[in-house]
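K.L.:
These protein sequence lines map, in sequence, to chains A and B. With this note's numbering, you'll find the first sequence wraps up at 212, consecutive numbering, no jumps. With this note's numbering, you'll find the second sequence wraps up at 1150, consecutive numbering, no jumps.
Hint data in this document are derived by calculation from the structure and do not stem from the laboratory.
With a cut-off of at most 30 angstroms between alpha-carbon atoms, the simulated DSSO-like pairs for lysine-lysine come out as follows: (1) K9/A - K187/A; (2) K1028/B - K22/A; (3) K34/A - K70/A; (4) K22/A - K1025/B; (5) K1011/B - K1025/B; (6) K125/A - K34/A; (7) K187/A - K1011/B; (8) K187/A - K7/A; (9) K48/A - K1124/B; (10) K48/A - K1113/B; (11) K1124/B - K1113/B; (12) K125/A - K9/A; (13) K22/A - K1113/B; (14) K22/A - K1124/B; (15) K70/A - K48/A; (16) K125/A - K187/A; (17) K30/A - K48/A; (18) K22/A - K34/A; (19) K34/A - K1113/B.
Computed far set for chain B versus chain A, every beta-carbon distance over 10 angstroms: (20) L1027; (21) K1028; (22) G1038; (23) F1039; (24) C1041; (25) C1042; (26) L1062; (27) S1064; (28) V1069; (29) V1118; (30) Y1119; (31) T1141; (32) V1143.
Residues on chain B that point at chain A, a partial pick, calculated with CB under 10 angstroms: (33) Y1013; (34) F1020; (35) T1024; (36) V1127.
On a predicted model such as this, the values are computed, not experimentally measured, just so you know. Glycine included, C-beta positions come from ideal geometry on N, C-alpha and C.
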Amino acid sequence: MQTIVFKNKPRIVATGTIAGPKECAGVVGKYVDKALTDDMFGESTYEKAECKMLSYAMSKAMENAREREKDVDMLISGDLLNQIISASFAARDFDIPFLGVYGACSTLAEAYGLAATFIDGGYAKKIVAATGSHFSSAERQYRYPLELGNTRPPQSQWTVTGAGGAFIADMGVSNSDVAITSATFGKVVDFGITDVNNMGAAMAPDIGIIGI
Amino acid sequence: MTGKNRQNYNKNYIAYVNSFDPPTKHLKNCFRAYMVGGFICCIGQFLREIFGNVFALNGDELASAVSIVLIFLGTLLTGLGVYDRIGRNAGAGSIVPITGFANSVASPAIEFKTEGLVYGMAAKMFVVAGPIIVFGVLAGTIVGLIYLFL
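Given the sequences, and given the hints that come with them, work out the whole structure.
P.N.:
Rendered as structure tokens:
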């Protein structure tokens, strides 16, 4: 059962998004709910900023869906830090049952897949699924201090500073045009990429698909 | 790659990925490293002349004074957020001199300050420089023992 086809087609009602200055310098800036000019988001540490962005994305998704917090059945979220601390701390801001997930770059797809499964099975009607990351907190977690005078190979990738979430609901709740139709959960496939600067190549063989 | 994971190791995939990596510009990198590294050494030599001629220092005192000033400069430029920009362009040119060592201690100190003075800054200060110190002391001990018995 690697692929699940959702008979009741859970709907993506609305999204909440926020991104950092570097991300918003490009086309992405036009589409996010909030474009940050300060990558600290007014906080004292990058971790706190990441947590605040995630919290913003979750509440914005509810706001854009015109739903109240008390009607949400479940919050599914994760991030890149140890003990998925940003997601867990962001969940403190809400009085909603929380399910923490970790899948690195696939965290959001995993959250959507689980949310759709719960809704399709009839165990929940309204779920907020979200994820977030911060370049500076990820650098500290996985690589070197920001001020270290090391070189970056040209193929190295940057972790996004931003957060995004979606309000996913049962088809009875919303008749949104966007539906989650199926989910394919990927296997962990390690082809032996060891370059910390080339995470895209390490993750490319692990393919999971969410049909939307 | 050990044990069971070995079966997944895919030589073709790794070769495919590597084919997309832009080639390293060795000549350009070497030139930049030579210029910046050379410039830092020139500053060192300049300091040596000053301390030797103006303050009349010599021997170990002179070497220590020059090192102290270079370490101070490396740390100051790290704190000002300049050294990482120099390092991005100069590569080994700014990593190998003593200023690079100062940078490798100062940069985690800044980075982990948010986790507290004792458990953050002081404890994590040597995450980058730690191995250099460990193997430096080890190598020194081995060489010292060889000298002792020769």
